[in-house]
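Residues per chain are reported as follows:
Protein chains: 2
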Amino acid sequence: MAPASVTTASGATWQEVAADRQRHRDATLDQLCPPLPKLLTDDIPLNTTSIPGSLLTEEELGITGTAVEDLAAKIASGEWSSTTVVNAFLRRAAMAQKLVNCVTEILPERALKRAAELNAYLATHKKPMGPLHGVPISVKEHVGMKGLDLNAGFVGWVGNVADEDALILRCLWEAGAVFYVRTTQPQTLMHLETSNNLYGTTINPYNSTLTSGGSSGGEGALLGLRGSVLGIGTDIGGSIRSPAANNGVFGFKPTSLRLPVEGLAVTMAGAEHIRPTPGPLSTSVEGLRLFTKAILDRKPWLRDPTLVPLGWRDVDGEPESRGRKLRVAVVWDDGVVRPHPPVVRALADVVEKLRASEAVEVVEWKPWRHDLAWEIIAKLYFCDGGAEEAAAIDASGEPWRPLSKWIIRDNPHVRAHTIPSLWKAIQERDAYKAKYAELWNANATTADDNNTSEVDVILCPAGPGVAPKLETARYWGYTSQWNLLDYPAVVFPVGGDAISVEKDGDGQQAEGAQSHAYPEDYTPLSEADAYNWALWKEHGAAGYRDAPVSLQLVGRRYEDEKLLRALENLLDAAGLPRSC
Amino acid sequence: MAPASVTTASGATWQEVAADRQRHRDATLDQLCPPLPKLLTDDIPLNTTSIPGSLLTEEELGITGTAVEDLAAKIASGEWSSTTVVNAFLRRAAMAQKLVNCVTEILPERALKRAAELNAYLATHKKPMGPLHGVPISVKEHVGMKGLDLNAGFVGWVGNVADEDALILRCLWEAGAVFYVRTTQPQTLMHLETSNNLYGTTINPYNSTLTSGGSSGGEGALLGLRGSVLGIGTDIGGSIRSPAANNGVFGFKPTSLRLPVEGLAVTMAGAEHIRPTPGPLSTSVEGLRLFTKAILDRKPWLRDPTLVPLGWRDVDGEPESRGRKLRVAVVWDDGVVRPHPPVVRALADVVEKLRASEAVEVVEWKPWRHDLAWEIIAKLYFCDGGAEEAAAIDASGEPWRPLSKWIIRDNPHVRAHTIPSLWKAIQERDAYKAKYAELWNANATTADDNNTSEVDVILCPAGPGVAPKLETARYWGYTSQWNLLDYPAVVFPVGGDAISVEKDGDGQQAEGAQSHAYPEDYTPLSEADAYNWALWKEHGAAGYRDAPVSLQLVGRRYEDEKLLRALENLLDAAGLPRSC
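Chains as they are written, first to last, in UniProt numbering: chain A, 1 to 580; chain B, 1 to 580.
Hints listed in this document are in silico derivations from the structure and should not be mistaken for laboratory results. Hints are supplied without guarantee of correctness; some may be wrong.
Where chains are identical, the list cannot tell them apart; a pair therefore holds if satisfied intra-copy or between any two copies.
[Said to hold, decoys possible] Lysine-lysine pairs mimicking PhoX-like chemistry, simulated, CA-CA at most 20 Å apart: (1) Lys-74 x Lys-127; (2) Lys-299 x Lys-435; (3) Lys-537 x Lys-469; (4) Lys-299 x Lys-433; (5) Lys-537 x Lys-503; (6) Lys-293 x Lys-562; (7) Lys-113 x Lys-146; (8) Lys-366 x Lys-435; (9) Lys-74 x Lys-126.
Isolated chain A (complex conformation) (with noise of 0.2 Å):
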């Protein structure tokens, strides 16, 4: 594959260059055979979720329809063949490119030749490559793919191709992988929506009106529509989790320095001050483990000396086999901004089932100045003032998308720092992130001395509620708050539990939903949440209908397996499903 020839650098003005995009985006579809088949009528529904089952074979289904474990089992005892399972996912991730927009590029040709090799392989040796065998993973545009445009969403980047595959790809491609289709990402990477002047907004596969997220976002709609069940997304404050919870799936983002970001496409390369990291997206907690032991089994702190050496750590039987409960630290909201109705709804109902349940219990966290967190990161995003983000996008003359705008040029915190005030700001976020430690350790202490009231892990919101209206998805707390500790979460689906109206309500006044509504005389905590309210206020339930509900768990730093394992026992607890 040529790499794009029509770029800024080469004179195009930036709407041709995003044409030319979206032409090489259509022209990878249409290679597949036999064609697509027409989806839409004139208008796009609401909820197109049911759509691909409508078209795709019995077989196609069942594969795409199966959690990441089973149909890792299944391609290495031979009953589906690497190449069946790819092709169908290759259908399923076109037809969900033209639902709702969050795809770059598929790549029929490099996965169709991987999956022949796969195949042939496991005809030889009688035993799959690796743990991933045949498994085919959805990757977002900014992780470099060699020979590939690398473009992370700018339009003046168009052209850049990269050298080679990026160290988690190589590591994930050694267990056997399939890389099969690119997804989508917003302008600076850095909105918790997908939208960009190359391939305009990817939108919600639940609700057309709503945002999939970000910036993850292609990859969150394209799991929401099983055109992937495992993929690979990046997170600096809530880039994973936003578009798994805002599309009914599985995200993780793992503690800082465990999975390497060698190989991405950033601005601000060597802003080391708030990391980002890779994680899976899936539709398991399963697919979660096996993505990131994958990895950590290559030890690719070898090959990246930035990360730290620790392998997988198996937990089983963790807390049970210190003889005790889970125990679940709960913030209701914090303390900022006040989740819409359906989020404190759904955080009630878990609760309530935790509470009754033998394995875990429950305890209130009270979260301590969450605002300030907000303040530390949010002054060391953009440690230059945002003049990386701004070369980029001024590069080609391409308009700043609203969000962009909100994020560096409305932000407060922003400023181009000089070396004092940078190590001012760092010594901010340390002493932020010791005193949070310490409200682990006094609960660790308090109690008697089996240590048995020893906090797990904290059960909270994904987000302030379900996936936001275009373009409103401003406010990042409930996610960036474990970025800045650096400590690993996980959002989760509650299960069928969409909003309804009937559940929910339509505004403060509907019936039968009075106890997680707003109070009548209600008073917002901060301007965020006077905002946040406002929306609520305008759109109700009804405005967000079928939009998933999706809860976060957080851990302890490092304590990343120890996370999933309680993730399971939690949904066990809870009556809720591993996998979606």
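Once you've looked at the hints, dock chain B against the given chain A.
Below, chain B without anything else, positioned relative to chain A:
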């Protein structure tokens, strides 16, 4: 103890502050009972190491001559009381002060109170409080100690008082340690020698014309005189290893982010581009291990969340358990500065013994651009162009020490960074680290399938010579290399193999030393090498008489435990002792 009242903040001159600090130090020495005998006649002899031995009791000699691990065992068994042990070390430390000027204060009151507590604990519980029960530990001054002055070697900082013990002290305290003496450090903490305007210069006990090294040079000299057998240093460019090497003891710089720096007084707080780490100096390898394990066993990462949560990992039998020899890669010189003949000779002697050993395989390591490594790290040491260092010095009007000027003002790589130039320098750092990781990986994978050629450790000089003449310790490359890479590194004495004119010759012409001497037609490798060569030409072996000769062993990042085990195996194979 009241905080210092004579400070520049309260109007005193820097000379008055210094005089007051020295009076305070001497007053602590005067608390000893019985008082110290007169140690010196009018002239300080070249080598003072035998003096304490001639004035201490047999019991005091026995105690201070015992390795940490045996000391701990004898205290735990009740053979020696904590009080007896502490008293012996207090007296010997005070003597060391008189001989080489390595102490800022001794702490008889605190230490004896603590010893009494420990005695009572042992009597009551019939078991020690922890693995360091009663072990006296000497502490570099800038490691904060509750209620005591904390000046970090700056006159203008006198009057700062620590609010609480540094976290590393709290961990050691919980393990049963006794803190009894605080030791000197240079102005800025950024010299490989130890001199400041508060206390003057700390000299080398083996040869008073040489430096004790730095920045933990008070520790080094104190251990050299056995006024301590276990001390805390800190290292960002060689500050543990230079003084350990110069004084013929063991010194260990762990990988950073394992041992806590919380509570240390430093300039440039918030700078995380090159990280300092604390670590032990000891008269035995086992002392290094006991210290490190005792701290890690306290899980310091729960209190300082910047740390990586890696507990002590047992590596008994590594690499023998894998059925192969320890593979040691030798760096003869770093391609920038050729070490002085005694170092070349010692390295050759050790390598010859290792080659003859069944347990070790020796290969060559080709250093990759250590000159570039110095440029990169020097560019990241003082990212504000040295502004905070200058402010700390200039606050009192004290003069710049020559080596402060050398490392900051005369250093061509120091600059006041902008954010973009900082990010660029960080990228250069990470690229260099990645390149060095490739070297290890290449060594590991170009061999046969069993990976038997994987290099375990690198053996190299600890510096460009033995302890340098005062104010000549300008070349950091042999130690700073491993700070840039963040590899664990340990220095060890080469037995009783100190410099002698007979072995090392006196300049180039000496008999019997040709093979290690500079060639007749030597051409310096660099400007730094020309300087180093000139020192040898000027002073020769006679100028460095009696200086201990030490070498350095380096492990891969985070392989701290393996490194210490490898050192023991190497010492055994070379017929060198594990304690000194």
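Comparing the hints with the structure gives:
{"no.": "1", "hint": "Lys-74 x Lys-127", "result": "within (12 Å within a copy, 58 Å between copies)"}
{"no.": "2", "hint": "Lys-299 x Lys-435", "result": "between (32 Å within a copy, 17 Å between copies)"}
{"no.": "3", "hint": "Lys-537 x Lys-469", "result": "within (13 Å within a copy, 78 Å between copies)"}
{"no.": "4", "hint": "Lys-299 x Lys-433", "result": "between (28 Å within a copy, 16 Å between copies)"}
{"no.": "5", "hint": "Lys-537 x Lys-503", "result": "within (16 Å within a copy, 89 Å between copies)"}
{"no.": "6", "hint": "Lys-293 x Lys-562", "result": "within (13 Å within a copy, 24 Å between copies)"}
{"no.": "7", "hint": "Lys-113 x Lys-146", "result": "within (15 Å within a copy, 67 Å between copies)"}
{"no.": "8", "hint": "Lys-366 x Lys-435", "result": "within (13 Å within a copy, 46 Å between copies)"}
{"no.": "9", "hint": "Lys-74 x Lys-126", "result": "within (14 Å within a copy, 61 Å between copies)"}
Checked against the numbered hints given earlier, this structure breaks none of them.
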